[in-house]
Amino acid sequence: PKKEAAAPAAAPKKEASGERSERRVKMNRMRSRIAQRLKDAQNETAMLTTFQEVDMSALMALRKTHKDAFEAKYGSRMGFMGAFIKASAQMLVDIPAVNAVIEGGDVIYRDYVDVSVAVASPRGLVVPVLRNVESKNIAEIELELADLANRARSDQIALEDMAGGTFTISNGGVFGSLMGTPIINMPQSAVLGMHATKPRAVVVDGQVVARPMMYLALTYDHRLIDGREAATFLVGLRERIQDPARMLLDL
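Counting from 1 along the sequence shown, just add 18 to a position and that's the residue number in the numbering used here.
These aren't lab readings, by the way, just hints derived from the structure by calculation.
Each hint can be trusted.
When the alpha-carbon atoms are kept at most 20 Å apart in a straight line, the in silico SDA-like pairs for lysine to any residue are as follows:
1. K82 / A157
2. K154 / R81
3. K85 / K154
4. K154 / D261
5. K154 / G93
Using the sequences and the accompanying hints, generate a full structural model.
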């Protein structure tokens with residue numbers, strides 16, 4: 019009978035090079051609370067995300083024209099967040115369901131707009147609240163936002179600063195995010211996701227031109243907010259950003 023060939027010798031095991039240590043670190047109170055609220059949103063809401071895109075040309079031109087005068091008067095840089103927060107506040111007043119929340123068997127409609135804004139801190143992203151933004155102008159919003167951002171960077175944001183809030187805005191674009199689906203910040207009913215502004219080919223008056231475009235995402239609780247309301251919110255927001263005079267006139 020034919021002798022079977024010997025099996026090839028097993029290759030010697032290679033030991034992993036370098037250290038393979040682990041560290042166990044207790045989750046801080048703030049991160050634990052944020053984690054719980056995000057998981058609550060997944061478990062308790064019917065989350066759905068709708069998208070829109072906005073041409074940033076007009077807002078960028080406005081900033082270029084007035085940024086030096088703004089900084090000279092207020093001692094703070096002029097960004098884009100103030101305009102997005104103000105435009106969102108106007109749309110939240112126009113479409114109250116996006117600013118509302120389900121509580122038991124009731125719907126609570128708010129006559130004020132408190133916007134939670136995600137900012138970076140040494141402990142990660144935190145969401146301090148700008149209160150009554152429906153009654154503030156863009157300059158007031160920018161100054162308050164700058165103060166919150168400075169306090170976040172110096173780790174001086176307390177849990178009380180993040181209490182409340184009727185709507186959240188998260189700007190992943192500062193980290194280069196092109197598109198995402200944000201998670202509702204409980205107990206709110208909607209969150210706006212801003213993203214990176216990139217030059218893209220778009221059709222304007224029948225001509226293909228390059229414009230600075232941003233994708234917007236609105237995640238909302240479909241138990242309370244219908245698709246029509248969500249789409250209307252984003253379209254109104256886009257119109258105000260593309261024509262900033264509409265914010266001044268509240269159109």
